[in-house]
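Trainee: Listed here are the chains, written in short residue letters.
There are 2 protein chains.
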Amino acid sequence: MSKLLETVPNFSVSREKDPEVFQGLVDTANSVPGCTLFDVQSDGNHNRCVFTIVGSPAAIEEVAFRLTKKAMETIDMTKHTGQHPRMGATDVIPFIPTTEITLKECVELSHRVAKRIWEELGIPSFMYEDSASCEQRRNLAEVRKGQFEGMPEKLLKEEWAPDYGERKIHPTAGIIAIGARMPLIAFNINLDTSDVEIAKKIAKTIRGKNGGFKYCKAMGVMLEDRNIAQVSMNMVNFEGTPLYLVYEMVRSLADRYGVRIIGSELVGLTPAKALVDCAEFYLKLENFDCMNQVMEYHLI
Amino acid sequence: MSKLLETVPNFSVSREKDPEVFQGLVDTANSVPGCTLFDVQSDGNHNRCVFTIVGSPAAIEEVAFRLTKKAMETIDMTKHTGQHPRMGATDVIPFIPTTEITLKECVELSHRVAKRIWEELGIPSFMYEDSASCEQRRNLAEVRKGQFEGMPEKLLKEEWAPDYGERKIHPTAGIIAIGARMPLIAFNINLDTSDVEIAKKIAKTIRGKNGGFKYCKAMGVMLEDRNIAQVSMNMVNFEGTPLYLVYEMVRSLADRYGVRIIGSELVGLTPAKALVDCAEFYLKLENFDCMNQVMEYHLI
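Sequence lines, in order, name chains A and B.
Read left to right, the first sequence gives residues 1 to 300 (the working numbering).
Read left to right, the second sequence gives residues 1 to 300 (the working numbering).
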């Protein structure tokens with residue numbers, strides 16, 4: 001079993017608009033031994049791309065730095081347009097624990113990367129999510145408000161000095177949001193009702209913002225094609241707020257409104273542990289040691 | 001994601017009784033690139049050891065052959081004593097699917113290995129479990145009956161010609177049982193009763209032998225230290241008979257006898273999929289694609 005983490009850097013360029021620059025980043029991502037580029041998303045309208053890379057801490061640190069350097073050398077933010085909010089050539093670099101590594105270690109790693117990027121490339125950073133220096137900076141939207149064009153002015157405000165670097169952006173690469181966070185799980189629960197108000201009431205009860213589960217974001221939506229209501233959730237820390245806990249709470253609240261759960265869905269990738277934890281709960285497993293007893297952890 | 005399988009060969013030697021021969025086998029297991037020896041069990045009383053090796057099909061085929069050769073060169077069955085039944089220096093070689101490989105592919109691989117062992121080493125084999133040529137040979141205990149000492153006579157019986165090789169054992173290495181099977185999961189469910197008869201009745205109802213779930217072996221036992229009864233199971237094919245199915249059946253039967261499930265336990269290693277399947281069942285997941293949506297499968 002090895003220490004592994006994931007980084008999902010976002011760059012202000014797209015395969016559709018600038019294939020050569022895009023390919024240069026892909027090649028850079030593939031240039032570091034010990035990590036694997038296992039997904040690339042690109043959107044021409046957003047003029048933005050997102051890489052998913054998994055590897056050892058040393059490899060991930062190195063690849064994050066090299067990609068930032070490559071993006072600085074090849075992307076000029078003074079000429080960038082696109083629908084998605086952005087403030088830098090490398091716009092955001094999240095680090096996410098995968099196996100045998102804690103969130104705290106990812107936070108430390110994020111600081112080392114931000115420091116090196118400032119010292120060697122002269123690009124400043126805001127530390128966000130679990131790496132944030134204050135509550136206000138946790139939220140990416142808050143940090144990025146003003147975007148590339150508004151940053152020179154924003155950095156001069158008392159409370160918006162960068163965490164690394166001086167109070168001015170890099171002229172062409174801007175400024176980066178860097179931070180560690182738990183993996184995000186998109187989890188939706190479908191109800192046997194066409195009354196979206198029930199889903200909205202349930203969502204309001206279970207989400208952290210309104211006093212529910214701290215690491216659960218939720219809203220009620222209508223699935224028009226199936227004519228059913230859905231509680232749509234982002235689980236931002238499945239260890240703090242496990243999937244089975246929100247499932248059981250939704251079941252109980254649905255019952256209170258006289259409706260039932262039809263099914264649920266996971267969108268995209270999920271760490272095995274989030275699901276194994278559910279098996280452990282429902283099978284009432286005693287003394288179960290996930291990392292040692294689940295065979296696959298011995299293979300990665 | 002790569003094709004991976006597991007082999008768990010058993011050898012008639014122990015670290016305790018013959019450390020040099022034992023070490024020779026460990027070194028051989030470590031000599032093949034593309035596979036990893038990740039567990040070794042040795043028992044002096046049984047005078048037997050069990051290796052757990054995971055790797056690519058080509059590597060597993062090679063390591064199974066090399067280990068059999070090494071065991072033949074260093075173990076003399078005419079001098080072997082030990083409490084565990086055995087019939088060969090290499091006594092049994094199971095092949096077990098891990099990821100991206102079917103049981104059928106493991107059956108084919110087991111035949112290739114048995115053929116090579118006969119042709120290059122002159123050691124005959126019985127094919128057992130899912131590789132068996134007839135129902136009678138599926139069961140290892142049945143195949144091994146008579147043990148090393150009784151094999152020369154057994155092989156002369158009409159129905160006991162080896163699947164590979166002639167009707168005589170290798171003079172010092174004996175004969176081997178080779179076959180593919182699904183991973184075995186040891187799964188126990190604890191009841192809030194000290195009446196072991198209830199556990200025994202439940203076990204009898206759920207096990208394949210008596211008309212219950214085909215791939216479930218079960219018995220009722222008493223946990224003396226906790227003064228509770230337990231349904232102790234071996235799940236021999238978790239895809240055919242999933243854990244949640246026997247759990248729900250035991251719950252229903254326990255209720256019929258007026259008792260409840262206190263908890264359950266998994267002994268030893270479990271494939272992630274067996275547990276993810278439980279999460280999928282209890283969360284009522286729709287359209288869930290385990291191999292694509294569980295991140296860890298992308299890392300092995």
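The set of hints was computed from the structure by calculation and includes no laboratory data.
Hints are supplied without guarantee of correctness; some may be wrong.
The list treats identical chains as one, so a pair stands whether inside a single copy or across any two.
[As the list claims (entries may be wrong)] Below 25 Å or equal to it, Euclidean Cα-Cα: the simulated DSS-like pairs (lysine-lysine) are:
hint	residue 1	residue 2
1	K69	K217
2	K69	K209
3	K284	K201
4	K3	K104
5	K284	K115
6	K284	K200
7	K204	K17
8	K79	K284
9	K200	K79
10	K217	K168
11	K204	K284
12	K79	K154
13	K69	K168
14	K214	K17
15	K145	K157
16	K217	K115
17	K115	K145
18	K217	K104
19	K17	K168
20	K3	K217
21	K204	K168
Treat the numbers as computed from the prediction; the structure is a model and nothing was measured.
Trainee: Checking each numbered hint in turn, tell me which of them this model violates, lowest number first.
Mentor: 1, 2, 5, 7, 8, 9, 10, 14, 16, 19, 20, 21
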